[in-house]
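Enquirer: If you read the protein sequences in the order shown, they are chains L and C.
So in this note's numbering, the last spot in the first sequence is 110, and the numbers never skip.
So in this note's numbering, the last spot in the second sequence is 116, and the numbers never skip.
Among the clues, some could well be false.
As the list claims (entries may be wrong) - Here are a few chain C residues that face chain L, going by a calculated C-beta distance under 8 Å: (1) P42; (2) P43; (3) E104; (4) F107.
Everything labelled a hint here was simulated from the structure, so no lab data went into it.
Bear in mind that the values here come from a model prediction, so they are computed numbers and not experimental data.
We put the CB at the ideal spot given by N, CA and C, even for glycine.
In case you want the letters, here they are:
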Amino acid sequence: KNEVEQSPQNLTAQEGEFITINCSYSVGISALHWLQQHPGGGIVSLFMLSSGKKKHGRLIATINIQEKHSSLHITASHPRDSAVYICAVRVIQGAQKLVFGQGTRLTINP
Amino acid sequence: DTEVTQTPKHLVMGMTNKKSLKCEQHMGHRAMYWYKQKAKKPPELMFVYSYEKLSINESVPSRFSPECPNSSLLNLHLHALQPEDSALYLCASSLFPGSSSYNEQFFGPGTRLTVL
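Excised from the complex, chain L in its bound form (with noise of 0.2 Å):
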């Protein structure tokens, strides 16, 4: 089992519709990464998380420390949003490095 676990893996709704990307995680963390990358891209860290909720623009993620869990949630969702969503965590005993969920493939149509 991994230790970062995304849901789902893909995803393919209408423009407008309101999304929710989940991420469970196994480890004791310092903090969680909300990534997308498009299509052939680099990266892009779109939150990092250690407690709560963050928002910007069209964009929400949350974070449930006692239940190891976060959600990114897109409201009004474009086709621009298509992409990989990928959540990261930054593992207590694991200093400098990240550990990455598989990722979850969000397609938007027109």
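Chain L is already provided as a structure; the job is to place chain C on it using the hints.
Expert: Leaving out everything else, chain C in the frame of chain L:
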């Protein structure tokens, strides 16, 4: 300047060639990272430099040779690569090494490498 830059964007090389990938940041970050990413897979950590010293080598074959000439620059020297080494190579940096919850990693756009 809040970005990590990587050159070249694309590289095609033969198995006998020697080439280098370059990564640069001017954010004053003291930790820099090389990742390898195969298609439809998450990135895999290769190397970590902390204060210009190699601190983590994830058992990477010696045909990959990292170098950190100064705090802003990270190179990855390539020699005698195999076709299975074809991948997206990502560089990242963070303010400090270590597991601080404030220690966000910033990623570059990557170099797409094809080994023929």
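Enquirer: All the hints need checking, so say for each whether the structure fits it.
Expert: A quick look at each hint next to the structure:
no. : hint : result
1   : P42  : holds, 4 Å
2   : P43  : holds, 6 Å
3   : E104 : holds, 4 Å
4   : F107 : holds, 4 Å
Of the numbered hints listed earlier, not one is contradicted by the structure.
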